[in-house]
Amino acid sequence: MSGEWPLWEIFIRGQHGMSHRHVGSLHAPDAEMAIKNARDVYTRRNEGISIWAVEAAQIAASSPDEKGPLYEPSESKIYRHPSFFDIPDDAGAM
Amino acid sequence: MSADLFEFLCRMGDNALVLGHRVSEWCGVAPVIEEDIALANTALDLIGQATLWLNYAAEVEGKGRSADDLAMGRDVWDFRNLLLVEQPNGDFGQTIMRQFLFDAWHVDCLGALAQSNDRRIAEIAGKAVKEATYHLERSSDTVIGLGDGTDESHRRMQAALDLLWPYAGEAFAPDAVDAALLEAGIAPDPARLQATTFATYDRVLGAATLIRPDTEFAHRGGKTGARHSEHLGHLLTTMQWLQRAYPGATW
Chain L
1 MSGEWPLWEI FIRGQHGMSH RHVGSLHAPD AEMAIKNARD VYTRRNEGIS IWAVEAAQIA
61 ASSPDEKGPL YEPSESKIYR HPSFFDIPDD AGAM
Chain B
1 MSADLFEFLC RMGDNALVLG HRVSEWCGVA PVIEEDIALA NTALDLIGQA TLWLNYAAEV
61 EGKGRSADDL AMGRDVWDFR NLLLVEQPNG DFGQTIMRQF LFDAWHVDCL GALAQSNDRR
121 IAEIAGKAVK EATYHLERSS DTVIGLGDGT DESHRRMQAA LDLLWPYAGE AFAPDAVDAA
181 LLEAGIAPDP ARLQATTFAT YDRVLGAATL IRPDTEFAHR GGKTGARHSE HLGHLLTTMQ
241 WLQRAYPGAT W
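Here the protein sequences line up with chains L and B, keeping their order.
Residue 1 is where the first sequence starts when you use this note's numbering, and the numbers rise one by one after that.
Residue 1 is where the second sequence starts when you use this note's numbering, and the numbers rise one by one after that.
Rather than coming from a laboratory, the hints here were simulated on the basis of the structure.
Hints are supplied without guarantee of correctness; some may be wrong.
[To be verified] To give an idea of the chain B side of the interface with chain L (calculated C-beta under 10 Å), a few residues: (1) Glu-25; (2) Val-29; (3) Ile-37; (4) Thr-42; (5) Glu-61; (6) Gly-62; (7) Gly-64; (8) Tyr-134; (9) Arg-138; (10) Asp-141.
[To be verified] Here are some, though not all, of the chain L residues that point toward chain B, as calculated from beta-carbon distances under 10 Å: (11) Val-41; (12) Glu-72; (13) Ser-76.
[What the hints assert, rightly or not] Each pair of labels, with its calculated beta carbon distance range: (14) L:Pro-82 <-> B:Ala-122: 21 to 27 Å; (15) B:Gly-48 <-> L:His-20: 25 to 31 Å; (16) L:Ala-91 <-> B:Arg-120: 52 to 58 Å; (17) L:Ile-35 <-> B:Arg-155: 40 to 46 Å; (18) L:Glu-32 <-> B:Ile-33: 57 to 63 Å; (19) L:Glu-47 <-> B:Ala-195: 48 to 54 Å; (20) B:Thr-237 <-> L:Asn-46: 41 to 47 Å; (21) L:Ile-35 <-> B:Ala-176: 26 to 32 Å; (22) B:Ser-153 <-> L:Ile-35: 35 to 41 Å; (23) B:Trp-251 <-> L:Gly-14: 30 to 36 Å.
C-beta atoms are modelled at their ideal positions from N, C-alpha and C, and glycine is treated no differently.
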């Protein structure tokens, strides 16, 4: 039966978090039940104050085959990292 | 009054305890893992509520018994739960229909009890009604999904409704205990809850394309303890086994 239900990716915003974070996936017949199932599966221990459910099939993902052209060019561009600046002590943690 | 109050608290506590145990029987064997976890959450909510009601019942009784003594040390005739909640799980549809029929009443009852003159009751109900509201949302959606689903799921949900409907009416039948608590402003008149709860029944069953049986007949005897169904004894045998074999065991 679970095979007939689409897969949903679940994102939860925690009490203290700034953004929703991916926590896992589950099966559900529709969006409403995906939210309810996420509530029961992923917020049992007070983990969240907001839930997003996205049907997994709707997510556009990059292909592992393209990792060469996609990611390697940035490996050699160290000047893009802001690591050449001295941070004043009184700026605190960045 | 304290005898009536004790009786009433046992009714609330035993409903939650017996249904909580019933629902927990699905743990590990539900049709899909998401439902398995959701049902276990519901069972835990209900057993938590039972603890609150029975703790208070034990205090009101004042005979040195604890909530655990009440839950694990009484036999069938001392239980005060509605006949509905002791009915067997049957198939998944039957479990969900039982849950829905109970949840709809439970939300209305707890909502009224949250306004009780008795501060402890108002506090327990105020906490429990949030859990019950979620239970009702979930069971309503599932009743609608399965009722208005495939031919097979529709057939099973209608069969579950036909089977369980005669157990739905007991919750709305007042007796002397209810009258005494109504008089004292502690609990609502059960009969007065019927209109609201039936409106929920009709809204959800309508959306589920299910036909509510056209009968007012209701089995009675659970909430008074006079006539439980044969199923409660079997449930207690499992639930109370450890405390019966090893009285007072703790871990």
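Going through the hints against the structure:
Residue-level restraint check for Glu-25 of chain B is violated (minimum Cβ-Cβ distance to chain L is 18 Å; threshold 10 Å). A cut of 10 Å between beta carbons decides the hint on Val-29 of chain B: the least distance to chain L is about 13 Å, and the hint is violated. Nearest Cβ of chain L to the Cβ of Ile-37 of chain B: about 5 Å, under the 10 Å cut. The hint holds. A least Cβ separation of about 9 Å between Thr-42 of chain B and chain L falls short of the 10 Å threshold, and the interface hint therefore holds.
With its C-beta approaching chain L no nearer than about 33 Å, Glu-61 of chain B sits outside the 10 Å limit, and its interface hint is violated. Interface restraint check: Gly-62 of chain B against chain L, minimum CB-CB distance 36 Å, threshold 10 Å, status violated. Checking Gly-64 of chain B against chain L by beta carbon gives a least distance of about 35 Å; that is not within 10 Å, so the hint is violated. Because the beta carbon of Tyr-134 of chain B sits about 8 Å from the nearest beta carbon in chain L, less than 10 Å, this interface hint is met.
A hinted interface residue such as Arg-138 of chain B counts as satisfied when its beta carbon comes closer than 10 Å to some beta carbon of chain L; here the least separation is about 6 Å, so the hint holds. Of the supplied interface hints, the one on Asp-141 of chain B holds, with its beta-carbon coming within about 6 Å of a beta-carbon of chain L, less than 10 Å. A least Cβ separation of about 5 Å between Val-41 of chain L and chain B falls short of the 10 Å threshold, and the interface hint therefore holds. Taking 10 Å as the C-beta cut-off, the interface hint given for Glu-72 of chain L is violated, the closest approach to chain B being about 40 Å.
Hint on Ser-76 of chain L is violated. Least Cβ distance to chain B is approximately 46 Å, over the 10 Å limit. Remark: the range hint 21 to 27 Å for Pro-82 of chain L to Ala-122 of chain B is contradicted by a beta-carbon distance near 57 Å. One distance hint, 25 to 31 Å for the beta-carbon pair Gly-48 of chain B and His-20 of chain L, holds here, with the actual separation near 29 Å. The hint said 52 to 58 Å for the Cβ distance between Ala-91 of chain L and Arg-120 of chain B, and at roughly 54 Å that hint holds.
Range check, Ile-35 of chain L to Arg-155 of chain B: Cβ separation about 28 Å, and the 40 to 46 Å hint is violated. Distance hint check for Glu-32 of chain L and Ile-33 of chain B: the Cβ-Cβ separation is about 18 Å, which falls outside the suggested range of 57 to 63 Å. The beta-carbon spacing between Glu-47 of chain L and Ala-195 of chain B, approximately 39 Å, falls outside the hinted interval of 48 to 54 Å. A hinted range of 41 to 47 Å for the beta carbons of Thr-237 of chain B and Asn-46 of chain L is inconsistent with their spacing of about 36 Å.
For the pair Ile-35 of chain L and Ala-176 of chain B, the beta carbons lie near 45 Å from each other, so the given range of 26 to 32 Å is not met. In this structure, Ser-153 of chain B and Ile-35 of chain L break the distance hint of 35 to 41 Å, their C-beta atoms being roughly 21 Å apart. Evaluation of the 30 to 36 Å hint for Trp-251 of chain B and Gly-14 of chain L yields a pass: the beta carbon distance comes to about 33 Å.
The structure fails hints 1, 2, 5, 6, 7, 12, 13, 14, 17, 18, 19, 20, 21 and 22 (numbered hints given earlier, in ascending order).
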